[in-house]
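Single-letter residue listing:
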Amino acid sequence: MPDHRLEITPAIPIPEHLVGQIQSKLAYVDESIALAQVAASGDQIILQLHAPADASRAAQLTEKVQRVVTEMAKGAFQPKVEVLEDYGERAVPYSADPMDELLARGEVSKEETGIFTFGPLFTRLVNYFESRFLELADSFGAQPYRFPTLMSARMLDRANYFRAFPHSLTFATHLREDLDVINQFADEAAYQEGGLNTPPESFSRIQAMLSPAVCYHLYFSLADHPLPGGQLIATAVGNCFRYESTNLTSLERLWNFTMREVIFVGSKEFVLENRELARERMRLVFDEIGLAYHVESANDPFFVGEFRKQAAFQSAFQLKYEIRARLPFKDDTLAIGSYNYHQDFFGRHLDITLPDGSPIHTGCTAFGLERVVYAFLSQYGLEPQHWPKAVQEALS
Amino acid sequence: MENTNTQLLDKIRNIMAEVFKVELDQVPPELVFGDLPQWDSMGHMELMMVLEEDLGIPVTGDTITDLVSVQAIYDYKLGQADA
Numbered sequence: 050m051p052d053h054r055l056e057i058t059p060a061i062p063i064p065e066h067l068v069g070q071i072q073s074k075l076a077y078v079d080e081s082i083a084l085a086q087v088a089a090s091g092d093q094i095i096l097q098l099h100a101p102a103d104a105s106r107a108a109q110l111t112e113k114v115q116r117v118v119t120e121m122a123k124g125a126f127q128p129k130v131e132v133l134e135d136y137g138e139r140a141v142p143y144s145a146d147p148m149d150e151l152l153a154r155g156e157v158s159k160e161e162t163g164i165f166t167f168g169p170l171f172t173r174l175v176n177y178f179e180s181r182f183l184e185l186a187d188s189f190g191a192q193p194y195r196f197p198t199l200m201s202a203r204m205l206d207r208a209n210y211f212r213a214f215p216h217s218l219t220f221a222t223h224l225r226e227d228l229d230v231i232n233q234f235a236d237e238a239a240y241q242e243g244g245l246n247t248p249p250e251s252f253s254r255i256q257a258m259l260s261p262a263v264c265y266h267l268y269f270s271l272a273d274h275p276l277p278g279g280q281l282i283a284t285a286v287g288n289c290f291r292y293e294s295t296n297l298t299s300l301e302r303l304w305n306f307t308m309r310e311v312i313f314v315g316s317k318e319f320v321l322e323n324r325e326l327a328r329e330r331m332r333l334v335f336d337e338i339g340l341a342y343h344v345e346s347a348n349d350p351f352f353v354g355e356f357r358k359q360a361a362f363q364s365a366f367q368l369k370y371e372i373r374a375r376l377p378f379k380d381d382t383l384a385i386g387s388y389n390y391h392q393d394f395f396g397r398h399l400d401i402t403l404p405d406g407s408p409i410h411t412g413c414t415a416f417g418l419e420r421v422v423y424a425f426l427s428q429y430g431l432e433p434q435h436w437p438k439a440v441q442e443a444l445s
Numbered sequence: 665m666e667n668t669n670t671q672l673l674d675k676i677r678n679i680m681a682e683v684f685k686v687e688l689d690q691v692p693p694e695l696v697f698g699d700l701p702q703w704d705s706m707g708h709m710e711l712m713m714v715l716e717e718d719l720g721i722p723v724t725g726d727t728i729t730d731l732v733s734v735q736a737i738y739d740y741k742l743g744q745a746d747a
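Just so you know, the sequences run in chain order A and B.
So the mapping is simple: the working numbering equals the position in the first sequence, first residue as 1, plus 49.
So the mapping is simple: the working numbering equals the position in the second sequence, first residue as 1, plus 664.
No lab work stands behind these hints, which were simulated from the structure alone.
Virtual Cβ for every residue (Gly too), placed ideally from N, Cα, C.
Be aware that a few hints might be false.
[What the hints assert, rightly or not] Covered stretches of chain A (in silico footprint by chain B; criterion: 3 or more residues with CB under 8 Å from a CB of chain B, positions within the stretch not fixed):
#, stretch
1, 124-132
2, 318-329
3, 359-367
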């Protein structure tokens, strides 16, 4: 880590509940930032830079940082955190970070920042937890769906995604249909200084993204029509992509991860009842697995401009609950899944209607499979004899 | 609305028409969250910010969830004035 520090006093004090949220957004302020830290007290920001900054550059960076702080913290109200389940203190036998051992055993291999491959033990655990989530889906009689890895940029625009989460998007492109451009690429393309040396104008305009979420595909497939029968429960698994810049650390935040979702579409009552039922059913599964976790209200990581309003709305209406597993080695928790209610957002934006003509409501239960396994291994280690019986038996 | 404070009601409706960029007659006293395409989650939070600035209604978890109709905003403001 380079030692070129820039210390900044925030223009307004950062409230405790926003320290983590603002710190994670500072990663996107400037490419020269290697690491951004906000003091727990909220009165100091330290940037580690890739290179020293002269006075004018420091002033430029400071101005950008202050913009983030002001937009996110000014007038922010502290949301009431509602804890629905608390098994965070459940006794678990392991307290080390399993990452070193996973790497040493070849169970995890880093291909690039935020991009990992997984070995047999890790994969069997992913398959096991996925089977438990499929049991949940089956308990609802969920219809299976398969979705592509690419997602339509046009449809994401309709769903207002660019305004809410621009920072984490991953773009899919290809070389333009031009013989000279393609030949030039074939002759000259090389990976240099952290990226391909290809000029940006060689690439096509963006028509597709790498999917940031699974359930959006279902909503897009239902767009512009009344929902037959007025309700639907679906399940799907898919690769998801969220670019997290310098926040891409260990297995806690991956650029490319896998998500299993159970998706509810119908009336408000239908969606809320089933979201609650999913939570109750998963409580029994987590109990059997012996996971130390809690479920609390949360908000999505909206980008700076939208953060204050969207997060406040989401918190006030308790639209999102996160399943947070304990990571004993760092005395912290990790979101491994969530129970979400989108109200009639997708129904309105995508023109999906109930038989009475009103917009449909949607919700989903989502599990990040790599994170679930990482949290489990953080609590139980890599030796199967220390695992809860249910997991041992399933994998024997 | 019986014994309506017409001035207050009009002020609220005017604020909403401005926030949602619609004509005043599109903001009847019966309007509720979701009746206008503009009164979605983002529109609601825009409205809350303006209500705080113009009418001194605080933005809290309770006001965000409660003030989802013209009537509710009117009643809240009236209650604030009486308190």
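Hint check:
Counting residues of the stretch 124-132 of chain A whose C-beta lies closer than 8 Å to any C-beta of chain B gives 4; at least three are required, and the coverage claim holds. Residues of the stretch 318-329 of chain A lying with their CB closer than 8 Å to a CB of chain B number 0, which falls below the three-residue condition for coverage. Coverage of the stretch 359-367 of chain A by chain B holds in this model, with 7 residues showing a Cβ closer than 8 Å to a Cβ of that chain against a need of three.
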